[in-house]
Amino acid sequence: MSRAAANWTGLVTIVRREMRRVLRIWPQTLLPPVITMTLYFIIFGALIGRRIGEMGGYDYMQYIAPGLIIMAVLTNSYANVSSSFFGAKFGKFIEELLVSPMPNSLILLGYVAGGVLRGTLIGALVTVVAMFFTPLTVANPLLMILVVVLTAVVFALGGFINGVYANKFDDISIVPTFVLAPLTYLGGVFYTVDLLPDIARQLSLANPILYMVNAFRYAMLGVSDVHIGVALSMTVGFLVFLFALAMWLLNKGYGLRS
Amino acid sequence: MTQALSIAGLAKTYGNGVEALRGIDLDVAEGDFFGLLGPNGAGKTTAIGIVTSLVRKTGGTVSVFGHDIDRELEAAKACIGLVPQEINFNQFEKCRDILVNQAGFYGIPRATAKERAEKYLKQLQLWDKREDISRNLSGGMKRRLMIARALVHEPRLLILDEPTAGVDIEIRRSMWEFLRRINREGTTIILTTHYLEEAETLCREIGIINHGRIVERGRTRDLLAKLQTETFELNLRTPIAQAPEVTGYTVRQLDPSTLEVDVDKSQSVTHLFSELAQHGIEVVSMRNKVNRLEELFVRMVEKGRT
Ligand SMILES: Nc1ncnc2c1ncn2[C@@H]1O[C@H](COP(=O)(O)OP(=O)(O)O)[C@@H](O)[C@H]1O
Ligand SMILES: [Mg+2]
Chain A
6 MSRAAANWTG LVTIVRREMR RVLRIWPQTL LPPVITMTLY FIIFGALIGR
56 RIGEMGGYDY MQYIAPGLII MAVLTNSYAN VSSSFFGAKF GKFIEELLVS
106 PMPNSLILLG YVAGGVLRGT LIGALVTVVA MFFTPLTVAN PLLMILVVVL
156 TAVVFALGGF INGVYANKFD DISIVPTFVL APLTYLGGVF YTVDLLPDIA
206 RQLSLANPIL YMVNAFRYAM LGVSDVHIGV ALSMTVGFLV FLFALAMWLL
256 NKGYGLRS
Chain D
3 MTQALSIAGL AKTYGNGVEA LRGIDLDVAE GDFFGLLGPN GAGKTTAIGI
53 VTSLVRKTGG TVSVFGHDID RELEAAKACI GLVPQEINFN QFEKCRDILV
103 NQAGFYGIPR ATAKERAEKY LKQLQLWDKR EDISRNLSGG MKRRLMIARA
153 LVHEPRLLIL DEPTAGVDIE IRRSMWEFLR RINREGTTII LTTHYLEEAE
203 TLCREIGIIN HGRIVERGRT RDLLAKLQTE TFELNLRTPI AQAPEVTGYT
253 VRQLDPSTLE VDVDKSQSVT HLFSELAQHG IEVVSMRNKV NRLEELFVRM
303 VEKGRT
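Chains A and D, in that order, are what the protein sequence lines are. Heads up: the first sequence begins at 6 in our numbering, then just goes up one per residue. Heads up: the second sequence begins at 3 in our numbering, then just goes up one per residue.
Source of the hints: derived by calculation from the structure; they are not laboratory data. Careful: at least some of the hints might be erroneous.
[To be verified] Facing chain A, a subset of chain D residues (Cβ under 8 Å, in silico): (1) T15; (2) Y16; (3) T54; (4) L56; (5) R58; (6) T60; (7) T63; (8) E88; (9) Q93; (10) G106; (11) F107; (12) I110.
C-beta: ideal position from N, C-alpha, C; glycine also.
Work out the full structure: start from the sequences and follow the hints.
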């Protein structure tokens, strides 16, 4: 048995275990985002949206659909890894992996893949929901897939880092509540930043989520507040930074190996 | 001969300044059944933690079957099966899944992993519980499940950290029997314990650790032979009023028909009996009073303290 084959088996085992977890606790993992997104579509799209009229040249509902989908992807990628990894740490069964011959990079990859799978699965579910409310167009399918995967990876990495730092269950809800949610709402899901006064628009450009929302909207509708090249580069930049941070924490054994 | 485990100058100072290991040297030969003995806080779990990479050492070297953990950590880890001191399952996972996944982390293909899971669940009498989530197992079953999990990748070295803590005597004995068997079949075993009876029953070799230092190391039999005195409890045919004076022996009376006598190694039991016979005392039966290892242990630990 070669080391590479063994590592591959290990990686598949982690990912399979993560997916089984998602499916086993589906009322916590799959259902809530679908309900939340349905409500968003009903309230912001159908009820309020009708009065808003157009945004960025599109029907309001059509304009916000990409933002809502990518928002579901990123929140769920993050939540999956932070709660699963913290749970493993809290229940001490992360030790099963820590004592095994799996290298740190593959442990990280396994958890991130789990987060990406849940994120994209929910992205797909929410897309189906959206189709009941508005016609969806996809300007660039390959770009769309690329953006979804990159975004999911960025947030899965973020969730992993959160899980590494967390010492109690509160610690994995603080960041989503006080950082991610505000950044998402201010990240152009519901409006184009062109509507904002100059200073607010400048500030918005410091918000990482803005780039992912716009990249995704560009892939679907062909419109974006920022240049697609910039949006993609920023996303890749965040990915590289978070990956390096996560690997550094793992190699240091932060919170895992005393 | 290959050393299953070779430790030199191993030191650990935790972040809070606690010096858990102060430079220990230890070799365990392949095929051995080795007991690491020491009171709570001696550093046993820390030492095992370093070998299994759960704890980062602050000094020294460790190699497992010749694989240095600083250079070939993954190869070293692949040789080890660990039964940790504290239960660490995913509470909501089924017993069988726990084993199949564990095998997967060690690179065993899924079909083989399932066969192994069945084999070891059966060997540890847990096959009936294969579909139960681990949370619903009793304490003894959880301990056995940890052993099954540690064996599923068929490691050459099995390390058990206080495996029988809190397990009732019957299960403890059947676990001993099982460990003896797999050791006979070729698995090197290292076990930590503060149950002296356990080390005395199971281990061919022991190391005694205290305050982060190895204070004694050798064959269990040789260490026992170092003992100077043994205490015997004697049951008498007829009750007596008070303990007799026997030159050279310390005799205490426990009750009218029971005496307790310390016998030095330079003395003999035969001589003691003839002395007692002269006092008209007939001994019906006797038993070895203290756990000898216990005494050895106390001495070594005292030696280590000075
Ligand atoms: N994570 C830790 N941080 C700080 N001190 C620790 C930690 N783990 C163990 N210790 C200390 O190290 C010493 C040795 O502990 P341990 O290795 O658990 O002993 P044993 O397993 O022999 O009971 C003890 O004083 C203990 O309090
Ligand atoms: Mg211990």
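Right, here's what the structure says about each hint:
1. T15: Result: violated, 11 Å to nearest chain A Cβ.
2. Y16: With a minimum Cβ separation of about 7 Å from chain A (threshold 8 Å), the hint on Y16/D holds.
3. T54: holds, 5 Å
4. L56: Hint holds; L56/D Cβ to chain A Cβ min 6 Å, cut 8 Å.
5. R58: holds, 5 Å
6. T60: Given a least distance of 11 Å, the restraint on T60/D is violated.
7. T63: This hint is violated: T63/D lies away from chain A, its Cβ roughly 18 Å from the closest one there, beyond 8 Å.
8. E88: Nearest chain A Cβ about 7 Å off; hint holds.
9. Q93: For Q93/D, the interface hint holds, since the closest Cβ of chain A sits about 6 Å away, which is under 8 Å.
10. G106: holds, 3 Å
11. F107: holds, 4 Å
12. I110: Hint holds; I110/D Cβ to chain A Cβ min 7 Å, cut 8 Å.
In terms of the numbered hints stated before, the structure departs from hints 1, 6 and 7, listed from lowest to highest.
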